[in-house]
Amino acid sequence: MRISCPLCGPRDRREFYYRGAAVALQRPAADAGEDAWQAYVFLRDNPAGVTRDLWYHAQGCGAWLVVTRDTASHEILATELAAEVAS
Amino acid sequence: MAELTAKSPCAGRLPLTIGAATVTEETLGPMTSIAPYRGRQADLAAALAAAHGLGWPQPNRSLTGAGVRLIWFGRDQALLTGAVADPALEDMAALADQSDAWAAVRLQGEAAEAVLARLVPVDLRRAVFAPGATLRSQLGHMPASLTRLDDHGFLILVYRSMAGTLLHDLKTAMEAAAARG
Ligand SMILES: [Zn+2]
Numbered sequence: 201m202r203i204s205c206p207l208c209g210p211r212d213r214r215e216f217y218y219r220g221a222a223v224a225l226q227r228p229a230a231d232a233g234e235d236a237w238q239a240y241v242f243l244r245d246n247p248a249g250v251t252r253d254l255w256y257h258a259q260g261c262g263a264w265l266v267v268t269r270d271t272a273s274h275e276i277l278a279t280e281l282a283a284e285v286a287s
Numbered sequence: 008m009a010e011l012t013a014k015s016p017c018a019g020r021l022p023l024t025i026g027a028a029t030v031t032e033e034t035l036g037p038m039t040s041i042a043p044y045r046g047r048q049a050d051l052a053a054a055l056a057a058a059h060g061l062g063w064p065q066p067n068r069s070l071t072g073a074g075v076r077l078i079w080f081g082r083d084q085a086l087l088t089g090a091v092a093d094p095a096l097e098d099m100a101a102l103a104d105q106s107d108a109w110a111a112v113r114l115q116g117e118a119a120e121a122v123l124a125r126l127v128p129v130d131l132r133r134a135v136f137a138p139g140a141t142l143r144s145q146l147g148h149m150p151a152s153l154t155r156l157d158d159h160g161f162l163i164l165v166y167r168s169m170a171g172t173l174l175h176d177l178k179t180a181m182e183a184a185a186a187r188g
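In order, the protein sequence lines correspond to chains A and B.
The number in the numbering used here is simply the position in the first sequence, starting from 1, with 200 added.
The number in the numbering used here is simply the position in the second sequence, starting from 1, with 7 added.
Hints listed in this document are in silico derivations from the structure and should not be mistaken for laboratory results.
Even glycine gets a Cβ: it sits at the ideal position worked out from N, Cα and C.
Warning: the hint list may mix true and false statements.
[Unchecked claim] Label-pair ranges, simulated between beta-carbon atoms:
id: 1; chain 1: A; residue 1: V285; chain 2: B; residue 2: S106; range: 28 to 38 Å
id: 2; chain 1: B; residue 1: T172; chain 2: A; residue 2: E234; range: 47 to 57 Å
id: 3; chain 1: A; residue 1: D253; chain 2: B; residue 2: A134; range: 24 to 34 Å
id: 4; chain 1: B; residue 1: A73; chain 2: A; residue 2: F242; range: 56 to 66 Å
id: 5; chain 1: A; residue 1: P206; chain 2: B; residue 2: D104; range: 21 to 31 Å
id: 6; chain 1: A; residue 1: V285; chain 2: B; residue 2: E97; range: 26 to 36 Å
id: 7; chain 1: B; residue 1: D158; chain 2: A; residue 2: A239; range: 52 to 62 Å
id: 8; chain 1: A; residue 1: F242; chain 2: B; residue 2: P37; range: 47 to 57 Å
id: 9; chain 1: B; residue 1: P128; chain 2: A; residue 2: P206; range: 10 to 20 Å
id: 10; chain 1: A; residue 1: P206; chain 2: B; residue 2: G74; range: 25 to 35 Å
id: 11; chain 1: B; residue 1: K178; chain 2: A; residue 2: G249; range: 42 to 52 Å
id: 12; chain 1: A; residue 1: G209; chain 2: B; residue 2: D158; range: 19 to 29 Å
id: 13; chain 1: A; residue 1: V285; chain 2: B; residue 2: H148; range: 21 to 31 Å
id: 14; chain 1: B; residue 1: P37; chain 2: A; residue 2: P206; range: 28 to 38 Å
Based on the sequences and whatever the hints tell you, model everything.
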C-alpha cells in the first residue's frame with residue numbers, strides 16, 4: 201500500500217502512523233453537550249467503503265494528512281494536508 | 008577549566024570502502040533548523056536571501072550557496088549548514104542549533120544507488136532524484152535525511168545517537184551490493 205504525501209510524493213505505508221477517523225478536525229465546542237461529546241469520543245462508523253482517516257508522515261515530512269480511502273477496495277482516493285483541511 | 012576535545016559522531020569508524028562505494032564522514036559546520044512562523048514565509052525567504060544568499064527551499068529540494076547549504080527538512084522546516092544562522096531570522100522563524108545532533112556521512116561511488124536501494128523505500132535513481140534533490144524517509148528503521156550531491160554521491164543525516172547503526176546498516180548493504188558484482 202502506498203500513500204501520496206502532498207509534500208513528499210508517493211511513499212510506502214511503513215513511513216506513516218495511523219491515527220484513526222478524521223473526527224479530530226471536528227472537535228465539538230466545550231459546551232456542545234454530552235451527546236455531541238460522547239459521539240466525538242466514542243462513536244465511529246466503521247464503513248465497508250469510503251472513509252476518512254488521519255495519518256502522520258512520521259518517517260517523512262512530519263505532516264498530518266487526511267486520507268480518503270476505500271476500506272473494501274483499499275484504493276486511496278485523496279490525500280490532503282490536515283492543516284489545510286482544518287483551516 | 009578543562010579543555011574538552013570535540014569528537015565527531017563517526018570518529019574512528021570511517022572511511023569505509025567496499026566494492027564501488029565509499030563512506031566518509033562529512034563535517035558540515037554549524038547546523039540550524041529553521042521553521043517559519045505562520046504567515047512569515049515570504050519575509051523569511053527575503054531575509055535568507057539577504058543574509059545567506061539563499062531563498063526558501065521547495066519540498067524535496069536543497070539549495071547551495073557560498074559555503075552554505077539549505078536542506079528542506081520536513082513540512083515548514085529547513086536545515087541550514089555551513090554558517091551560523093543570521094540572528095535577524097529569529098523574528099520570522101524558530102531557530103534551533105542542531106550542530107551536535109546529527110551524524111553526517113557521504114556515500115560515494117558507482118554502487119551508491121544500489122546500496123541505498125537496499126535500505127531506503129524510495130526511488131533514488133538519478134533520473135528521478137537528481138543532484139540537489141533531498142528527502143526525508145527512513146534508512147533501515149532510522150529516520151533519515153538524504154540529499155543527492157552529484158551523479159554518484161549522497162549526503163546522509165541521521166540522529167547522532169544512531170551513527171553506529173547507520174554505519175552497520177551501510178556496511179551490510181555495501182557488502183551485499185559488492186557480492187552481486
Ligand atoms: Zn510527507
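Each hint tested on the structure:
no.: 1; hint: V285/A - S106/B: 28 to 38 Å; result: 36 Å, holds
no.: 2; hint: T172/B - E234/A: 47 to 57 Å; result: 49 Å, holds
no.: 3; hint: D253/A - A134/B: 24 to 34 Å; result: 33 Å, holds
no.: 4; hint: A73/B - F242/A: 56 to 66 Å; result: 58 Å, holds
no.: 5; hint: P206/A - D104/B: 21 to 31 Å; result: 30 Å, holds
no.: 6; hint: V285/A - E97/B: 26 to 36 Å; result: 30 Å, holds
no.: 7; hint: D158/B - A239/A: 52 to 62 Å; result: 57 Å, holds
no.: 8; hint: F242/A - P37/B: 47 to 57 Å; result: 50 Å, holds
no.: 9; hint: P128/B - P206/A: 10 to 20 Å; result: 18 Å, holds
no.: 10; hint: P206/A - G74/B: 25 to 35 Å; result: 33 Å, holds
no.: 11; hint: K178/B - G249/A: 42 to 52 Å; result: 47 Å, holds
no.: 12; hint: G209/A - D158/B: 19 to 29 Å; result: 22 Å, holds
no.: 13; hint: V285/A - H148/B: 21 to 31 Å; result: 30 Å, holds
no.: 14; hint: P37/B - P206/A: 28 to 38 Å; result: 31 Å, holds
The structure meets every hint from the earlier list without exception.
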